[in-house]
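Novice: Generate coordinates for the entire structure from the input sequences, incorporating the hints supplied.
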Amino acid sequence: MRINVDWDRCTGMGMCESLAPDVFEVDDDGSLILHTEEISADQEGEVREAVAACPTEALSLDGPIDA
Amino acid sequence: MTHLVVVGASLAGLRAVEAVRRDGFDGEVTLVGAEEHLPYDRPPLSKEYLAAEECPDPRYREEETFAGDLDVALLLGTPASALDTAGRTIAVGDRTLSWDGLVIATGAHARTLPGTEHLEGVHTVRTLDDAVALRAALRGGARRLTVVGAGFIGSEVGAVGRKLGLEVTILEALETPLARAVGERMGRALTHLHRRHGTEVRTGVAVEEVLSSDGRVTGVRLGDGTEVDTDVLVVGIGASPATDWLDGSGLTIDDGVVADETLAAADGVYVAGDVARWPNALFSDVAGGTMRLEHWTSAADQGGRAARHAVDPAAAKPYETVPYFWSDWYDGRVQFVGIAPEGADEQIEVVAGDDAQGGPFTAIYRAGDRIVGALAVDMPAEVMKYRRLIGGRKTWADALELAEQRRVQRAQKQAAKERGEGA
Ligand SMILES: Cc1cc2nc3c(=O)[nH]c(=O)nc-3n(C[C@H](O)[C@H](O)[C@H](O)COP(=O)(O)OP(=O)(O)OC[C@H]3O[C@@H](n4cnc5c(N)ncnc54)[C@H](O)[C@@H]3O)c2cc1C
Ligand code: SF4
Chain A
1 MRINVDWDRC TGMGMCESLA PDVFEVDDDG SLILHTEEIS ADQEGEVREA
51 VAACPTEALS LDGPIDA
Chain B
1 MTHLVVVGAS LAGLRAVEAV RRDGFDGEVT LVGAEEHLPY DRPPLSKEYL
51 AAEECPDPRY REEETFAGDL DVALLLGTPA SALDTAGRTI AVGDRTLSWD
101 GLVIATGAHA RTLPGTEHLE GVHTVRTLDD AVALRAALRG GARRLTVVGA
151 GFIGSEVGAV GRKLGLEVTI LEALETPLAR AVGERMGRAL THLHRRHGTE
201 VRTGVAVEEV LSSDGRVTGV RLGDGTEVDT DVLVVGIGAS PATDWLDGSG
251 LTIDDGVVAD ETLAAADGVY VAGDVARWPN ALFSDVAGGT MRLEHWTSAA
301 DQGGRAARHA VDPAAAKPYE TVPYFWSDWY DGRVQFVGIA PEGADEQIEV
351 VAGDDAQGGP FTAIYRAGDR IVGALAVDMP AEVMKYRRLI GGRKTWADAL
401 ELAEQRRVQR AQKQAAKERG EGA
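Chains as they are written, first to last, in UniProt numbering: chain A, 1 to 67; chain B, 1 to 423.
Careful: at least some of the hints might be erroneous.
[To be verified] Looking from chain A toward chain B, a few residues come up when the C-beta cut is under 8 Å (computed):
| # | residue |
| --- | --- |
| 1 | Asp8 |
| 2 | Gly14 |
| 3 | Met15 |
| 4 | Glu17 |
| 5 | Ser18 |
| 6 | Pro21 |
| 7 | Asp22 |
| 8 | Gly30 |
| 9 | Leu34 |
| 10 | Ala41 |
| 11 | Pro55 |
| 12 | Ala58 |
| 13 | Leu61 |
Because the hints were derived from the structure by calculation, they are not lab data. Even for Gly, the Cβ is constructed at its ideal location relative to N, Cα and C.
Specialist: This is how it looks when you write it as structure tokens:
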């Protein structure tokens, strides 16, 4: 499964990082760093929470989960 | 469960109906809203919506999404006026709706200065209609803007006023703005941000009278007799939970609808968002009692939880959360996670930057042996790292250790950058 970031919407709010720190990190200048785009099955739960928690609705998921 | 009714068609209400549909709930869903508008995002209304040249569309979803994908019946433009918890009905205009599960997400209304509601030039900022009117007023040749209340929304509007080139005065009744939200010392630090940008902040002042001529505001008179002339007056003195319609319902109302730890206010009735008061178990050892938040993130979160509980009460679980809010002032961002315990000043440590001039800085808050809060001004990489510690009930020592790690990481980054630039 892949994470899409709508870079026009993301304002570096960091909710995603607080829920899934292995995947998301906000840099010192407020820009979002994606540590990985492909997420594994055991990351799915927290990444889904991060998608729901983003205040700008900048995150979405698509594609199947890799085993 | 056959019919879920959600009252309040804003953030919490929208997230409520979306969550149960995502889970596959196949009963009937109705979303009732007092405003004519489809659900829209409020944070931009005191920020980009006023400042940007082009007016952004704040609606979350198109109308077709409700009828189509979500299969949600929208009942917009008329408020619910009564709740019968025993008979499981609500009244909306002259209709009566039966429900099997109910979510109350009616949010809050802006407080006003009594007697000024009909004066031209006096504004609050809570609804889209409010923001449309204020946007026009700020851009219609006004020269002076006065804001009553130095809270977050008043501060944001003041900052936009400066950006648009107006002379801005903020009047605050307390000696220190935002003392309850972030503590005295940090309240002072945030006030520096205003002064640095040329906004006048007058604290410890009472608004005695709003002055007007021909139905239009001209200024305010303060408790000490001085007068402040103004073209536009924004009243930013907070919001009151929208609970009037629940009079006689038997629910417990006490600055919000009081619920248990699962957000249940009565059998089958759950609450979410700005209207909800509930015991947040995460902080029960350091700050007893219940809390009510007026934050985007908890409203979104609670909306989903409340609706899931309403359609399946047997599976209801306690809801606990680390509160989070942000606020955009001038070109910077203020972020706060957790809680600011009472008497917070002795319990605050500035772990990065310097608060004396209003930032950038990061400060952390302690209660007992735990880290319970963090505030950052223009340091977007910091607070969310502490949010995890707070949610994990970590100790103060853990927080100081993270602060030290972060200090080293920032120093290394800085050094690398300087080397890079030197080459
Ligand atoms: C100008 C502004 C800026 C903000 N900025 C930030 C920010 O930067 N960061 C942050 O974290 N939070 C911010 N917030 C707070 C955030 O927007 C709120 O926490 C959030 O909107 C709460 O959502 P809600 O659905 O609980 O209530 P609301 O958004 O208040 O919506 C409640 C809805 O219920 C309707 N309603 C009321 N009574 C009835 C009734 N009897 N029947 C039917 N419908 C009814 C109302 O008309 C309203 O549409 C801001 C809020 C405002 C107003
Ligand atoms: S929560 Fe949303 S806005 Fe914030 S950093 Fe993550 S993707 Fe960007």
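Novice: Against each hint, give a clear statement of whether it holds in the structure.
Specialist: Each hint tested on the structure:
Against a cut-off of 8 Å between C-beta atoms, the interface hint on Asp8(A) is violated, since the closest Cβ of chain B lies about 12 Å away. For Gly14(A), the interface hint holds, since its Cβ comes within 8 Å of a Cβ in chain B; the closest pair sits about 4 Å apart. At its closest, the beta carbon of Met15(A) sits 6 Å from a beta carbon of chain B; the interface hint therefore holds under the 8 Å criterion. Of the supplied interface hints, the one on Glu17(A) holds, with its beta-carbon coming within about 5 Å of a beta-carbon of chain B, less than 8 Å.
Nearest Cβ of chain B to the Cβ of Ser18(A): about 4 Å, under the 8 Å cut. The hint holds. The criterion of a C-beta within 8 Å of any C-beta in chain B is met by Pro21(A), whose closest approach is roughly 7 Å, and the hint holds. Annotation: Asp22(A) was flagged as interfacial toward chain B, and the flag is violated, the nearest CB pair being 12 Å apart, outside 8 Å. For the restraint placing Gly30(A) at the interface with chain B, the shortest Cβ-Cβ distance is roughly 4 Å, inside the 8 Å limit, so the hint holds.
Because the closest C-beta pair between Leu34(A) and chain B is about 15 Å apart, greater than 8 Å, the hint is violated. Interface hint status for Ala41(A): violated, as the beta-carbon distance to the closest one in chain B is roughly 19 Å, over 8 Å. Restraint check, Pro55(A) versus chain B: the minimum CB separation of about 5 Å is within 8 Å; hint holds. Taking 8 Å as the C-beta contact cut-off toward chain B, the hint placing Ala58(A) at the interface is violated, the least distance being around 13 Å.
For Leu61(A), the suggested interface contact is broken, since its CB lies about 12 Å from the closest CB of chain B, more than 8 Å.
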